[in-house]
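*Asks:* Given next are the chains, with one letter for each unit.
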Amino acid sequence: VSAAADISVRMGERAISRSETLVCFGLGSCIGLVLVDRRRRLAGMAHIMLPEPAHGEVPALVDELVGVGALRPRIEAVIVGGAKMFATASDALEIGVRNEEAVREALHGARIPLRAAITGGSRGRTMRVRFGDELAISVKEAGGIEEMIA
Amino acid sequence: MTPTNYSDLQLDALRELANIGSGTAGTALSQLLGRPVDISVPTAAALSLADAVESAGNPEDAVFAVVMPIFGDLEGDVLLMFPPADATTVCGLLGVDVTTEDGRSAIGEICNILGTSYVNALAGMTGLAVEPRPPATTFDMIGAIVASVLASRAEGSSVALMLDSELIVEGEACSLTFMLLPTHAGIGDLLERIGVA
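Same order as they appear, the protein sequences are chains A and B.
Quick note on numbering: our numbering labels position 22 of the first sequence as 22, and the sequence is numbered without any gaps.
Heads up, our numbering is the position in the second sequence plus 1000, with the first residue counted as 1.
Keep in mind that a hint or two might mislead.
Here are a few chain A residues that sit away from chain B, every Cβ distance over 12 Å (derived from the structure) [what the hints assert, rightly or not]: (1) A5; (2) T21; (3) D63; (4) E64; (5) R74; (6) A83; (7) M85; (8) E94; (9) I95; (10) E105; (11) A142; (12) I149; (13) A150.
These stretches of chain A come out as covered by chain B in the derived footprint (C-beta under 8 Å, 3 or more residues) [said to hold, decoys possible]: (14) 28-39; (15) 124-130.
No more than 25 Å apart at the CA atoms, straight line, and that leaves these computed lysine to any residue pairs for SDA-like [claimed, not checked]: (16) K140(A) / D1008(B); (17) K140(A) / S122(A); (18) K140(A) / A1046(B); (19) K84(A) / T1137(B); (20) K140(A) / G109(A); (21) K140(A) / G121(A); (22) K140(A) / E101(A); (23) K84(A) / E1101(B); (24) K84(A) / E146(A); (25) K84(A) / S1048(B); (26) K84(A) / D1102(B).
It is worth saying that the hints were derived from the structure and are not from the lab.
C-beta atoms are modelled at their ideal positions from N, C-alpha and C, and glycine is treated no differently.
Turn these sequences into a full structure, and let the hints guide you.
*Replies:* Encoded structure:
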């Protein structure tokens, strides 16, 4: 897959793919949510910024994935992000923790199993879904190398 | 780009405020480094949150960043970003090594001084009581930094107001980006004070 064909999922956006790489660049306190049906080689990605929208984003992404042919009981989730970027005294920047909790709750509510979670900490991360021989989900931390997580 | 809900007159007035704020900050930086500092004409833009993150630069590029939350009559965050090479230059001018704890605290201290002088200039002009909190420093991806600062103050709003200026140290390939990201409540009071609400 060439870089030009990548779909960049920006803050507050979501996208579905069956061939182009999906990518969330620079996730900080945001959560990158990926839902996959591996058998059908279908993936959906959402870039979630705040806890409140998270409750709507999860079912919306499930519906979109089912809409293009995913089998609902086969859908599983991977989440990345929810970092605390700044070690300030202010609670306002604890948004990452609240984002992760909201997404986990919404997945639980939708009965979607969570296959992997790379969350918390204090580093920004980029998350990708590639459609090679197998559908592969990776994370690259700021200053680190890309690692396969699911 | 998303249409703004601020008028051209309001954005012009905010740009002028940013100009005075960054002029004051530029003077402070110049005194700190003992070098002349140029200040770019600031931009003021109301952007969708995704566009605001994108406008800050390649989201995966690593930068030194310092965020200074401000409270009081004007609420928001002051965000300073130095590309690594520029942070190295600034630290070099101050005689510290950017890779050390001293270097990092020097960057934090510069932000503290610049952010405070910027905010005090705004406060002085508008008569708003502003209380800057101690800054926090990180070295990370631009996208992660800007998105997290915006998210921490988003309050369900979908538009970010960015006042963006650049300080350029003369004779050195060194510049830093300065952003004031006021909350909507903060910006309402600010517009009222300068008579363009």
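*Asks:* Against the structure shown, which of the earlier numbered hints fail to hold, in ascending order?
*Replies:* Of the numbered hints, 6, 7, 8, 9, 11, 16, 18, 20 do not hold.
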